[in-house]
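Asker: Spelled out from the first residue to the last, the chains are:
There are 2 protein chains.
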Amino acid sequence: MSNSNIEDEKIINRLYEIHRRTAPKFESCTGISQTRLELLHELYEVEEISQRALQKKVNIDHAAVTRHLKQLEEKGMVIRRKNPDDQRFTYVSLSEEGRTRIIHYREEKERFISGVLNDFSAEERKVLLDMLTRIQHNIERFE
Amino acid sequence: MSNSNIEDEKIINRLYEIHRRTAPKFESCTGISQTRLELLHELYEVEEISQRALQKKVNIDHAAVTRHLKQLEEKGMVIRRKNPDDQRFTYVSLSEEGRTRIIHYREEKERFISGVLNDFSAEERKVLLDMLTRIQHNIERFE
DNA sequence: GCTCAATCATTGATACGTCAACTAATATAA
DNA sequence: TTATATTAGTTGACGTATCAATGATTGAGC
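In the order they appear, the protein sequences are chains A and B.
Position one of the first sequence corresponds to residue 18 (our numbering), numbered consecutively onward.
Position one of the second sequence corresponds to residue 18 (our numbering), numbered consecutively onward.
It should be emphasised that the hints constitute simulated quantities derived from the structure, not laboratory data.
Wrong hints could be hidden among the right ones.
Since the list can't tell identical chains apart, any single copy or any two copies may satisfy a pair.
[Claimed, not checked] List time: in silico DSSO-like cross-link candidates among lysine-lysine, alpha-carbon distance up to 27 Å:
#1 27 <-> 74
#2 87 <-> 99
#3 74 <-> 42
#4 27 <-> 73
Kindly produce the complete structure, drawing on both the sequences and the hints.
Answerer: Quick look at the structure:
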């Protein structure tokens, strides 16, 4: 196992560990999970959207989207209705309550992110985002 | 929601998405999950170690460690035995088969990592690892 | 020596992601 | 128009992480 790759390995391991340790703290800080907030945020930006289109935006599995939205509906955060013109589609929108509460969530998220990146200069943030984007592309190209 | 934070938000979202998309591909490429390979790798480096010490090294929850080791034991990859001098401790070691098979896993992991970082210069890798390490520290300091 | 605290391991409940199988509705093409 | 394919959504099975509760063993203080 060559020497240079030990460092590369650390990169991959760090990426994994960062995720594992971020997820619970994100939720305890903001009061909502990252994925759910992302869903709400997409809904915040539109009037109404089909589940399918929403799923494409957040890019997680259909099944997960269905379950999240079902629970968000139970909590009164979102509203779902079938498209009368094509009953296959379910349209989703933020409820009034959802639209109110997301503001608070987003503020907490901002604070959380500020903490995570607090010692990063603007330039560093740019470089980091660029690198992560490249990694993401590299991963897509597998198989 | 201020403008600069949109970019910061992308960083956090990328980190999350990278993990989500890496995990399944890592496993399909190498034939084993990242966490399990990490466990095996720690075992590879020692003769025998207590579950507790192993857990501290890989830094995931006790419960997860127990379950992984139980399954790895069922597959004949590791051997577990109680410490006769202190029955609270369970010692774990790689079986012969485990010791053989990890070599292949590690090779595949190396290939995987090479793909993920293929367009990164040595300098970039260094910078990236440094940044990720800083992020990790920042996350630890929460709450 | 006996009780209480500490430590390791296990198990249960929960959360969230994947894939695969299925249902329902619509589009296509013979 | 009727059979077939496609598309959206749901559900089930599974993997793996977390936290909380429990069991078992050992250590410490009285």
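Asker: Against each hint, give a clear statement of whether it holds in the structure.
Answerer: Checked hints:
In the homo-oligomer, the alpha carbons of residue 27 and residue 74 lie at most 27 Å apart only across protomers (14 Å), although the nearest pairing inside one protomer, at 30 Å, exceeds that limit. For a Cα distance limit of 27 Å, the shortest separation of residue 87 from residue 99 inside one copy, 14 Å, qualifies, whereas the shortest one across copies, 46 Å, does not. In this assembly of identical chains, the alpha carbons of residue 74 and residue 42 lie at most 27 Å apart whether taken from the same copy (24 Å) or from different copies (21 Å). Only between protomers do residue 27 and residue 73 lie at most 27 Å apart by alpha-carbon distance; the minimum there is 17 Å, versus 31 Å within a single protomer.
This entry satisfies every hint, going by the numbered hints stated previously.
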